[in-house]
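K.L.:
Generate the whole structure from the sequences, applying the supplied hints.
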Amino acid sequence: MKKQFLIGVDLGTSSTKASIFKIDGTLVAQASVEIPLYYPAPGVVEQENADFYQSAASTVRSCIQAGGIDPREVAAIAFDSQMAGIGSVDEDFKPATRFDSWLDMRCQPYIEWIDREAGGRVTRITGCPPTCDHGPKMLWWKNERPEEYKRIAKFVTPSGYVAGLMAGLKGEQAFMDHTFIHFSGFSDAQAGTWSAELCDILGMDMEKLPRIVEPWRTVGEVTESAAKDFGLAPGTLIAAGAGDTAANALGAGIVRSGMLFDVAGTASVLAGCTDSFVADVQHRALLTMRSVIPGLWNPLAYIGGGGIALRWFRDQFHNTSQGKSLPLEEDLYEQMIASAVKIQPGAEGLFFSPHLGGRICPSAPGMRGAWLGLSWGHTQAHLFRAVLESVAYEYAYYLGILREQLPGIEMLEARTVGGGARSAGWNQVKADVLGIPYQRLKRSEFGTWGSALIAGKAAGLFDDLAARAAESAQPDGEPALPNPANRQVYDRLVGKYIAMQEMLEHWYQN
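Residue numbers for the sequence shown follow my numbering, so the first one is 1 and each next one is one higher.
Just to be clear, a hint being listed does not mean it is correct.
Claimed, not checked - FRET-style restraints, in silico, Cβ to Cβ:
| # | residue 1 | residue 2 | range |
| --- | --- | --- | --- |
| 1 | E117 | G68 | 52 to 62 Å |
| 2 | L374 | D463 | 52 to 62 Å |
| 3 | D275 | E117 | 27 to 37 Å |
| 4 | V489 | R403 | 12 to 22 Å |
| 5 | A338 | R116 | 15 to 25 Å |
Claimed, not checked - Pairs of lysine-lysine, DSSO-like flavour, derived with a Cα cap of 27 Å:
| # | residue 1 | residue 2 |
| --- | --- | --- |
| 6 | K228 | K3 |
| 7 | K22 | K2 |
| 8 | K208 | K22 |
| 9 | K22 | K94 |
| 10 | K94 | K150 |
| 11 | K94 | K170 |
| 12 | K94 | K2 |
| 13 | K3 | K442 |
| 14 | K496 | K442 |
| 15 | K170 | K228 |
| 16 | K3 | K22 |
| 17 | K442 | K22 |
| 18 | K208 | K228 |
| 19 | K142 | K170 |
| 20 | K342 | K496 |
Don't read these hints as lab results, they were simulated from the structure. C-beta atoms are modelled at their ideal positions from N, C-alpha and C, and glycine is treated no differently.
P.N.:
In structure tokens:
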């Protein structure tokens with residue numbers, strides 16, 4: 001029977017989404033379901049590994065039914081997942097612990113300890129400065145929960161867990177694809193291996209780290225049991241998959257050095273695309289992820305609550321829903337942006353800091369949000385324009401560091417996805433601040449499409465993954481081009497914004 005469908009599944013923090021595509025990229029069906037977060041104690045955020053598997057099974061099954069397709073026509077399936085949290089399995093590939101979420105801050109003392117002991121080496125070798133990711137979390141389990149740690153055969157990501165369980169793997173066969181390893185704290189990013197040096201310095205048991213594989217590596221086939229759960233045919237190929245940011249970048253066609261990728265969602269993520277490895281030892285802001293595409297890298301940084309800050313402002317200052325939160329795509333949100341873009345660039349001297357829950361890049365968990373420069377003349381629209389501009393200023397700070405690391409790099413264009421990408425006004429603000437064209441794309445689903453592309457590569461349906469990704473990422477209208485007059489204003493204000501962040505970091509440290 002002809003294989004003509006691919007499945008991509010995104011295992012997110014609060015929901016799981018599955019999509020079925022034809023090989024040419026046409027979306028056939030998609031489904032999503034919420035998954036719970038657990039808060040058993042202050043600062044503790046966990047998830048059940050079983051929820052990832054069950055939610056993936058239910059969404060794929062729904063897609064198969066909604067699309068009316070024969071499961072035997074599915075060529076392959078791949079998963080992407082949230083990146084900075086970590087789970088674990090025992091020797092039989094059963095969960096050894098709950099999934100330790102990226103939102104969980106129990107590991108903060110170990111972040112600080114790693115930074116003191118080997119912060120520079122970790123940053124230089126992994127491409128990622130010490131932060132709330134796999135390394136500190138693994139060490140927390142080792143030192144704070146030694147009995148549970150003994151049961152751990154391998155640490156795994158959500159995508160690795162679901163794919164491995166579907167394939168009937170044993171604990172010793174657990175894997176992690178190469179787009180995650182910068183977050184491990186123990187990898188040699190350029191070599192694509194685990195670092196014996198870092199494991200020795202920080203006391204990590206290397207045997208508990210899974211094998212590292214390429215995203216398109218076939219890790220197994222769907223077992224009889226998993227086939228019943230997912231509604232798939234036994235023997236369907238399973239690819240290793242990727243981290244969610246890497247899958248989204250691939251789905252958006254970020255496959256050439258000099259391209260930028262803006263995920264305008266709950267977290268505001270700006271990722272570059274380079275053909276050189278970057279280790280931001282000085283600023284500790286950029287996290288350098290391996291691209292799905294060999295030889296390319298995605299230096300990135302993000303605001304933990306970029307999109308949340310917009311939602312917070314809307315709910316607190318434009319709340320017409322009697323205490324109920326409205327989706328960002330509601331008319332009120334568009335009205336807010338329309339009012340804000342009527343204000344002159346710079347919001348008449350008003351600045352906003354978007355780090356209401358702490359700064360991620362560079363790590364400063366004690367920081368909080370602020371407005372600076374308020375006057376009697378500032379209105380609600382000024383306040384919101386300052387919120388929008390703060391994300392663009394933060395992005396400009398990231399790009400400044402990237403240009404320091406790679407002085408000859410030419411920024412070609414930024415491609416934007418997520419809920420915020422629909423706003424032409426906000427895209428124009430970002431284009432003006434960064435001096436780079438901002439382009440929306442026609443496709444609405446990028447993460448699951450990126451995973452489906454990986455599945456297609458695993459199944460041998462196309463050889464050149466980069467070319468296939470570029471071909472499928474079609475622009476939606478004309479890009480937002482930088483306005484030269486606004487650029488002159490913003491060139492001066494970016495420096496002030498950076499100075500404000502330095503002041504606030506010092507303020508909250510004392």
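K.L.:
Determine which of the earlier numbered hints do not hold for this structure and return their numbers in increasing order.
P.N.:
5, 8, 9, 12, 14 and 18
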